[in-house]
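*Asks:* Sequence:
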Amino acid sequence: MVFPSKKSIWMSLVIWIIILTCILPSILSIEPIGVIMLPEILNNKVITTIILLIPAIYLLWIWFGTRYEIQQSILNVHFGPYKKIIDIGTISTIRQTKNPFIDPALSGDKIEINYNEFETINISPKDKEAFLRQILKINPHIKIDNKSRLLS
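The opening position of the sequence shown corresponds to residue 1 in the UniProt record's numbering, with each subsequent residue numbered one higher.
Heads up, a few of these hints could be off.
Unchecked claim - In the DMTMM-like style, the derived pairs of lysine to aspartate or glutamate whose C-alpha atoms are separated by at most 25 Å in a straight line are: (1) K84 <-> D109; (2) K7 <-> E117; (3) K143 <-> E112; (4) K126 <-> D87; (5) K98 <-> E119; (6) K6 <-> E129; (7) K137 <-> E119; (8) K84 <-> E112.
Stated by the list, open to error - Simulated restraints, written as ranges between beta carbons of each label pair: (9) S92 <-> I18: 19 to 25 Å; (10) W16 <-> K45: 19 to 25 Å; (11) L136 <-> F101: 32 to 38 Å; (12) M1 <-> I57: 24 to 30 Å; (13) W16 <-> E117: 37 to 43 Å; (14) L136 <-> D109: 17 to 23 Å; (15) A130 <-> S12: 19 to 25 Å.
To be clear, the hints were calculated from the coordinates, so they are not data collected in a lab. Keep in mind it's a predicted model, so treat the numbers as computed, not measured. Note that CB positions come from ideal geometry on N, CA and C, so glycine has one too.
Working from the sequences, and respecting the hints, build out all of it.
*Replies:* Following this line, the structure appears as structure tokens:
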């Protein structure tokens with residue numbers, strides 16, 4: 001079962017402003033800010049376009065590729081080019097968090113998953129309730145902190 005990431009407005013703005021800042025100079029044939037200061041070899045339109053497209057492609061991959069898949073007893077966390085595989089049987093606790101640090105999530109409204117002995121990951125499934133129900137079907141021994149807030 002696949003759960004897309006929830007996408008907050010502020011995260012959307014940040015990512016899309018950066019993407020457009022990287023792509024628009026090439027489309028509109030304008031010089032990006034700071035090109036004048038580049039070494040002569042990098043002061044080439046083709047090279048500049050390639051250099052600017054790399055972070056844009058990376059962010060697009062993260063934007064469209066962030067999802068959480070539950071397959072049998074495995075949780076696959078996809079965050080653009082990165083993938084984390086978690087055995088659902090090793091998950092001990094899940095709790096709601098507003099952790100602002102970078103995680104494989106496109107929203108500040110996250111759930112923190114503690115697994116193995118000392119590992120933690122924060123994710124932001126769009127439908128937290130369905131996600132938790134699916135996880136609990138596989139491992140009913142998971143302790144859910146603030147269960148009423150998570151399942152409402």
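*Asks:* Of the numbered hints stated earlier in the document, which are not met by this structure?
*Replies:* 2, 9 and 11
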